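Asker: Spelled out, the chains give:
Protein chains: 6
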Amino acid sequence: MLLTRKAEFSASHVCANPALDDAENRRIYGAASNPNGHGHNYVVEVTVEGDADPVTGMVFDLRELKEILNREVIEPMDHRFLNREVAPFDRVVPTTENLAMEIWRRLRPAIERDHARLKNVRLYETADLFVDYGGER
Amino acid sequence: MLLTRKAEFSASHVCANPALDDAENRRIYGAASNPNGHGHNYVVEVTVEGDADPVTGMVFDLRELKEILNREVIEPMDHRFLNREVAPFDRVVPTTENLAMEIWRRLRPAIERDHARLKNVRLYETADLFVDYGGER
Amino acid sequence: MLLTRKAEFSASHVCANPALDDAENRRIYGAASNPNGHGHNYVVEVTVEGDADPVTGMVFDLRELKEILNREVIEPMDHRFLNREVAPFDRVVPTTENLAMEIWRRLRPAIERDHARLKNVRLYETADLFVDYGGER
Amino acid sequence: MLLTRKAEFSASHVCANPALDDAENRRIYGAASNPNGHGHNYVVEVTVEGDADPVTGMVFDLRELKEILNREVIEPMDHRFLNREVAPFDRVVPTTENLAMEIWRRLRPAIERDHARLKNVRLYETADLFVDYGGER
Amino acid sequence: MLLTRKAEFSASHVCANPALDDAENRRIYGAASNPNGHGHNYVVEVTVEGDADPVTGMVFDLRELKEILNREVIEPMDHRFLNREVAPFDRVVPTTENLAMEIWRRLRPAIERDHARLKNVRLYETADLFVDYGGER
Amino acid sequence: MLLTRKAEFSASHVCANPALDDAENRRIYGAASNPNGHGHNYVVEVTVEGDADPVTGMVFDLRELKEILNREVIEPMDHRFLNREVAPFDRVVPTTENLAMEIWRRLRPAIERDHARLKNVRLYETADLFVDYGGER
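In order, the protein sequence lines correspond to chains C, G, P, B, D and V. Under this note's numbering, the letters of the first sequence match residues 50 to 186, in that order. Under this note's numbering, the letters of the second sequence match residues 50 to 186, in that order. Under this note's numbering, the letters of the third sequence match residues 50 to 186, in that order. Under this note's numbering, the letters of the fourth sequence match residues 50 to 186, in that order. Under this note's numbering, the letters of the fifth sequence match residues 50 to 186, in that order. Under this note's numbering, the letters of the sixth sequence match residues 50 to 186, in that order.
There could be a bad hint or two in this list.
Stated by the list, open to error - List time: in silico EDC-like cross-link candidates among lysine to aspartate or glutamate, alpha-carbon distance up to 20 Å:
1. P:K55 to B:E185
2. P:K115 to P:D102
3. P:K115 to P:D127
4. G:K115 to D:E57
5. P:K115 to G:D177
6. G:K115 to V:D177
7. B:K55 to D:D177
8. P:K115 to C:D127
9. P:K115 to C:D139
10. G:K55 to V:D177
11. P:K168 to B:D181
12. D:K168 to P:D181
13. B:K168 to D:D177
14. P:K168 to B:E185
15. G:K168 to V:D177
As the list claims (entries may be wrong) - Calculated Cβ distances over 12 Å to all of chain D for the following chain B residues:
16. M50
17. A68
18. N83
19. D102
20. P103
21. R112
22. K115
23. I117
24. D127
25. W153
26. D163
Hints were generated in silico from the structure; no laboratory data involved. Just so you know, these numbers come straight off a predicted model, no measurement behind them. Here a beta-carbon is modelled for each residue, glycine too, at the ideal position from N, C-alpha and C.
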């Protein structure tokens, strides 16, 4: 059984690798490498795997899941410039892929327990583009 | 090859385990334990797995799939108070998890045949919360 | 200039006029007259009309608008059985039309001030059905 | 007859009036006043009013409308930090209201002609918040 | 008070005026003039204006509105090639504009009565393009 | 890590197997067998599997993925009557299942390389019906 909760945050970012020069970043990321940054309404879907508890009928407490999402992802990232204000994006390019992995790393210790595993993080950058990350296998 | 069909029904429910007292139910389910009930526009996505038939090019007859969904899920659950009118929710808490499992149990015998297996039931309680159930493994 | 904010609440209701008998209610409202009730994820869109303030560039303070919506509509109606728990629906049929008018009555005194008028309340009962109410003209 | 075309762009902005101090901007705009900026996937809906041409059956040439939208709005604003790169937002607070008015000003001369009037600009900052601007009356 | 109901139908069409030659049609309509046709999932939103009836609390009987929509629009147009099978599109170009006007003409006599007026027909050709038609003024 | 990109095209089709007679096609496909054809706004989601590149932080170049989708799927299929203009649908029934498999066949050689595999093609015929194809296993 999988339980998925969706949340949204608005942030800005620059897609540029600080180890590369401007021309190279422009070649790789196009307009997304504009150093002033641009932004998105990111939508994150967090999927927890587990069995429904025989007493409560729930895989995970919904309010606790919402609190974890708020504390670990929404509060530190909402209304932020990721490259300047959210580690490790001062040195890691905040592509959708890297951002999904960072959300995974932040959520996993807060969610995983005897009966529940973090199964997937889906991150939409726009309605037409999203990534899924399920951890190292 | 997976084929998925979506349908919607409007129902009400109370999240409370009759074996527990009111205070305990309130602690577990919060406002959802209000004994008068509250409601949702549930969205169900039924996924059938099979090969496309070489003659028809279809995994499953679409009109039959719609009829099965209507007969097994929409008609008995739409415009109903689940705890009072739809078994087994007189004794099982109708969380999204338990409701998805019940939909699975109702659909599976009607859908599964030589070439087709019920693969997944996804049930949205709201746009921001859904579960996936794929049966016992 | 119009500013619109959207919010959602989950409630249940019965469409039946207490002044009519069961057969008549059944004839008028169909399955929606089921006395046990059924539910919806209602989506409400509140539209405020005004000029953008020359200093703030805003028609209305967004956080205050959210607080008003929460206090006047979401908190009293979310997770409720409208006919039993939310006045005046103990005596008024909670059709989408009547519910939109009640939301209008609750919001108007909290929103209207020198520079801002409540322009419209749109209420979705499902994705396929909604009403707009703009007050008595 | 109204014809509406939708487009999307991703930009970042800071909600702060340069004439006010930081504390005052923080009080008015909250987290949106973060000077590093944050971003959105803005969705713009442009509505043109006119009669369907008796020969073509169209209110406005759809491809030309798309080109105008791209040239006047999407290209100059997509992947930009509005306050730093798009006039007049170096001195005007880029609230959704002010941004909708600027889009109106840019589109109007390109769209209006004998048979067509710009009727409305709707701008979504998020799925839950949008403004409509129809010009000075 | 406005009541809006949404419905969907899948049809194909060619955008070409039979009074013009192929090159001219290609110039005006581009790829949409391909004589083999192409198709859309059209979404139609029908808006009825009236007061909520004091007894029923409804502007219009919802099931009757659905039946009218089905009978006048969905059944004759769904799964059809508009130019060949739905009058007057054998001689009128089925642009979104002309199709919305034809839907208006078909719905108006069935909907209008003492207390109810057809207020608007909105027709989406795609999610990014729609027209609104409210009749001759 | 999975990366998914969405695109849309408008096409028409007839669901009928040329090896069967009209009555048989009508029995199998219903209204979808209308020989004049009908249409859809198809939505395709292409999922690529790979590791995020340590330098670019990307699974696949987003602009190249968009170009591949345009070149292999959108350009040859958009505004087309599939049965008449897009091989192999002159002899293969263009059900959603068969269309998803054809899209898979067209995309795979263009996408697969050392570090990237085509993982899934999801094709929506309408908002309520879609198929997923992941290739022969």
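Asker: Find the hints from earlier in the document that the structure breaks and name them by number, from lowest to highest.
Answerer: 1, 9, 16, 19, 20, 21 and 22
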